[in-house]
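Throw the hints in and build the complete structure from the sequences for me.
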Amino acid sequence: MVIALLFRDLKLSVRAGGGALIGVLFFTTVVAVIPFGVGPDLNLLSRIGPAIVWIGALLSALLGLDRMFQTDREDGSLDLLLMQEHPLALTVLVKCLAHWLGNGLPLVIASPLLGLFMNMDEVAIGATMLTLLVGTPALTFIGAVGAAVAVALPRGGLLVSILVLPLAIPVLIFGVSASYAAVQDPAPFMPPFLILVAITMFFAVLGPLGAALALRNAGD
Amino acid sequence: MPQIAVLTKLTDLANPTRFLGLASRILPWMAGITAVLFAIGLYLSFAGEGDYQQGMTVRIMYVHVPAAWLSMMCYSVMAASAIGTLVWRHPLADVSHKAAAPLGAAFTLIALATGSLWGKPMWGTWWVWDARLTSVFVLFLMYLGLIALNRAMDDPGKAARVSSVLILVGFVNIPIIKFSVDWWNTLHQPASVIRMGGSTIDSTFLWPLLIMAIAFTMLFFTLHVAAMRNEIWRRRVSAQRRMAARMAGQTLEKGV
Amino acid sequence: MMKHNESPQMRLTVEALSARRGEDLIFKDISFSLGTGESLILTGRNGSGKSTLLRAVAGLLRPESGRVTWESDEAETGTRASEACHYLGHRNAMKAELSVRENLEFWQDFFGDFSGGRGMTIADAAEAVGLGGIAHLPFGYLSAGQQRRMAFAKLLVAWRPVWILDEPTAALDVSAESVFTALITDHLAQGGIVLAATHQPLGLENAQELKMTGFAGVMESMW
Amino acid sequence: MTHGFYIAMSYGIAALISLCLIVWVWLDGHARKRELAELEASGIRRRSAPKSEGEKA
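Residue numbers (the working numbering), protein chains in the order written: chain R, 1 to 220; chain W, 1001 to 1256; chain E, 2001 to 2223; chain U, 3001 to 3057.
Worth flagging that the hints you see were computed from the coordinates, not collected in a lab.
Quantities reported herein were computed from a predicted structural model and do not represent experimental measurements.
Even for Gly, the Cβ is constructed at its ideal location relative to N, Cα and C.
Warning: the hint list may mix true and false statements.
As the list claims (entries may be wrong) - Chain R stretches covered by chain E per the calculated footprint, using a threshold of three residues with CB under 8 Å from any CB of chain E:
{"no.": "1", "stretch": "37-45"}
{"no.": "2", "stretch": "78-91"}
Stated by the list, open to error - Not the full set, but computed from the structure, chain R residues with beta-carbon under 8 Å of chain W:
{"no.": "3", "residue": "Val145"}
{"no.": "4", "residue": "Leu159"}
{"no.": "5", "residue": "Leu167"}
{"no.": "6", "residue": "Ile173"}
{"no.": "7", "residue": "Phe174"}
{"no.": "8", "residue": "Ser177"}
{"no.": "9", "residue": "Leu213"}
{"no.": "10", "residue": "Ala218"}
Laid out in structure tokens, this is it:
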């Protein structure tokens, strides 16, 4: 059963420690240094707040990505996962979900606090959290392709982020647009939000398929 | 079984040695045609009258539009080759998309630079986050990422397969990126600023543009064939060196 | 243990298999066929391509040419050969952070039984490799030899007719080796198939042997 | 600055990048050809060269 994989990965992300915690810590640090860069002008901060929180979440989501398959490769589990035809794309999808629950969801939960730092009002915080909740899975799905590519690399890390970031631009655009639309009057919230949902669903198909293809081809 | 016969014919044609033979025969011709086309294109683009301002800067379009077109076409060529790598596992397909990536990056760079030079007198700044320029810039980043990926892996076969997956995922994503950048652009800027190409192009500008586009396309294919030939040679050299090393090892073992 | 009688007829066939690593052709045109209860031992020095052959048979490395097929009266046709296989590689595929029981339970669930047999319970499997009673410990606390044994127990918890073993007895003392030999013999008696690479003899009777020589050439003719 | 300047710059940059590309491809090809010749000179040749189709793996 593939579900067993979900529970194993969740257990690991809790027990092996680090993953989620480091992601949230990085997220907090990135957002916290912004006021030092742009100055403590509360009006400015509240205006750029949703964008900063989104960019921070994007970078933090990329941070743990290259370990997604790498740990399984190091101890040999990846070989056994590849041999089972569940099919493989489904196995990858489950791994993505586990990775998101372990690394993405904590970011979403931490975002309201950071919203307060950025002097955002309640509606903006709520909208940002909602868009992050819908958008971060897309980052994990598209990042899975990069993570699968990283398996073949002697040293993955940074290169994965470079490869994945351009593909993540649409998620960022619609996530931030929807967050702003919730606060700024004339722009409607639903169209960008629904497009974000559509992008996430599209990546939920494309990401695992691409990652499965890459894993099959990276074998040695 | 005629189908299989046709298939073997095709694979024969795509055999690296045959490709080298074909390349050395057609390369001079391709280079010649490219040079002639550029001569005609450049003559046409400067011969037409261009006293008024729009007419002056439209000449930048004769370079910018073909380069932008090539940046897209090159990626399509790479995507087609990527399918060749993944589905038919053909070595020439590996070579094709590896050789095309730097070319694509170069033409994308031309598109960016000329776009910026066109924008300076139009908008007053060197860089504007205009939808078209931004999309081309993202494409440029994707090319650089693919080149970096290819360089990071030692095993060329594996590098080809893995980057093929990434090329295809990127290819599927390009329309989405384009769409989202357009959306983002209309959100943040009044749309009236951007009027590259489109309906404002007069028919007198069409001919030079067409010739220049064909010339650039020919340049791309010439360089692509030459770069593929280089890559095949490179792999041949590496295979022979490897074999020499192995042979030396074996004679040594027998001697001891 | 598992059903002994009426074991279905099955066959793992390898035809003209060639594989390469990078540009090096590791082996060329290897063919063999193993039926119910048969075993094949790969021998040869380090780097002779044993692991590469095993990985190719397990479907982890796409061969340059040739194919691996699996036929059986029971399993539906068109099953990929790798699905009928257990693979024990150099690495144990167990998580150091999880307890042995959690590790084995995960693999039992994830693999599921292949048609034609049933896996043991976790406790029985741990007992069978001579390490009953320590399944509650984190895997990382075990010694190298114990870890290897527990990795082997993974093969027992879910039924797979074919076992592909890459140096199963690495890091083991002699008594543990005899435990492994007994388990492999049992598996063969139940109608299983074993394909193993080793440089010390496993002490199996009537096993076929294939000597790997390694390095069949550079794929230079491709270019 | 005049429009002529920008036009000249555009054509100049485009020509420069294209020329760099052409020179790079040409030099690369030249270097590979020389390496092949060196290998040939040191007595290493493709096994498949004399009998062309003989040894396809």
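Structure-based check of all given hints:
1. 37-45: Result for this restraint: violated, n = 0.
2. 78-91: It holds, with 7 qualifying residues against the three required.
3. Val145: holds (5 Å)
4. Leu159: holds (6 Å)
5. Leu167: holds (5 Å)
6. Ile173: This interface hint holds because 4 Å falls under the 8 Å limit.
7. Phe174: For R:Phe174, the interface hint holds, since the closest Cβ of chain W sits about 6 Å away, which is under 8 Å.
8. Ser177: holds (6 Å)
9. Leu213: holds (5 Å)
10. Ala218: With a minimum Cβ separation of about 5 Å from chain W (threshold 8 Å), the hint on R:Ala218 holds.
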